[in-house]
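Novice: Chains A and B are the protein sequences, given in the same order.
The letter at position 64 of the first sequence is residue 64 when you use our numbering, and the numbering goes up by one with no holes.
The letter at position 123 of the second sequence is residue 1123 when you use our numbering, and the numbering goes up by one with no holes.
Rather than coming from a laboratory, the hints here were simulated on the basis of the structure.
The beta-carbon is built from N, C-alpha and C at its ideal position, and this holds for glycine as well.
Check each hint, because a few of them may be wrong.
Claimed, not checked - Simulated coverage check for chain A against chain B, where a stretch passes if three residues somewhere in it have a Cβ under 8 Å from a Cβ of chain B:
#1 7-19
#2 30-43
#3 52-66
#4 70-77
Stated by the list, open to error - Residues on chain A that point at chain B, a partial pick, calculated with CB under 7 Å:
#5 23
#6 80
#7 83
#8 85
#9 92
#10 94
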Amino acid sequence: MQLEYFLVIAAALFCIGIYGLITSRNAVRVLMSIELMLNAVNLNLMGFSNYLDPSAIKGQVFTVFVITVAAAEAAVGLAIVLAIYRNRETIDMEQFNLLKW
Amino acid sequence: MNLAEGVQIVSFGILAVMMLAAALGVVLLSNIVHSAFLLAGVFLSISGLYILLNGDFVAAAQILIYVGAVNVLILFAIMLVNKQENFSEIPGSKFRKIATAVVCIGLFVLLGTMILVTPWALDSTSPAVIENTIIALGEHFFSDYLLPFELASVLLLMAMVGAIILARRDLIPEIADTTDTVSTRLTLPERPRELTSIGNVEEIN
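Based on the provided sequences and hints, a complete structural model is requested.
Specialist: Set out below in structure tokens:
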């Protein structure tokens, strides 16, 4: 088992997340793609923690912080999606053009 | 991790294939409920990878927080905004998808090359020097990462209050001007619900 395996699949997961983030029309699916990207970052941190710093596992500390922030982000993001859905009656990302010029 | 090398590689392969297939399903499937359940598969696979990386506490936290909280939250959001709408076709969406796919594959190739070329400063210490990761994590949290740990609790409180404020229904400002405050004291000043949309009201009554 090598560090590179974990880093490569984390990179693949991150790229899948970016693809979903850009191409999704559904706002909930955009949030799911963001969760995928955050998990890819966590996988990187855990890999570095195990292979580069196994005596003081600081990568796992950062992983716990990222999980915390991701949970907060999911709650606030889904609340924003609900508020927009109540106002605009749609969850199509192409019609959320309030802040576009 | 006391598993043999072969067992580790085989389980890594199974978990990696599961995770990437489920992630592709999350992004590409058209039904969003299927996507939400596949997202749980991604989280569970990543939790297995954490166990392979000797992070037992983080693996348990991953299952508890992501599968137990975030995924359930996403499912509730899907149920609340469950509107089968056919998105209107916009011009150039095909080209946009192809261009995004090309950019993402290019980014993956770039990252892969970087990962394989970089000489990582591997530490040859056995991961078994820490016999209990929970104790080590707790020592980190309450000594050198005390300030971020406390800030995380404040962040969670702020996120909770903010989510409640955002997800509440609209306030009606003129209800504060009405004189019969006695009867409405215990009700939240919200827009009244349309009972006709709920259905089966007569059966309940």
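Novice: Now look at each hint and say whether the structure bears it out.
Specialist: Hints, verified against the model:
Coverage of a stretch by a chain is defined here by at least three residues with a beta carbon nearer than 8 Å to that chain's beta carbons; for the region 7-19 of chain A and chain B the count is 12, and the condition holds. A stretch counts as covered by a chain when three or more of its residues have a beta carbon under 8 Å from one of that chain; for the region 30-43 of chain A and chain B the count is 8, and the coverage holds. Counting residues of the region 52-66 of chain A whose beta carbon lies closer than 8 Å to any beta carbon of chain B gives 12, which meets the minimum of three for the stated coverage. Counting residues of the region 70-77 of chain A whose C-beta lies closer than 8 Å to any C-beta of chain B gives 7; at least three are required, and the coverage claim holds.
Given the 7 Å rule on beta carbons, the hint for residue 23 of chain A holds: about 5 Å separates it from the nearest Cβ of chain B. The beta carbon of residue 80 of chain A is positioned within 7 Å of a beta carbon in chain B (closest approach about 6 Å), and the interface hint is therefore held. For residue 83 of chain A, the interface hint holds, the least distance from its beta-carbon to any beta-carbon of chain B being 5 Å, beneath 7 Å. The interface hint given for residue 85 of chain A is met, as the beta carbon of that residue sits about 5 Å from the closest beta carbon of chain B, less than 7 Å.
A hinted interface residue such as residue 92 of chain A counts as satisfied when its beta carbon comes closer than 7 Å to some beta carbon of chain B; here the least separation is about 5 Å, so the hint holds. Interface hint at residue 94 of chain A: satisfied, since its Cβ lies 6 Å from the closest Cβ of chain B, which is below the 7 Å cut-off.
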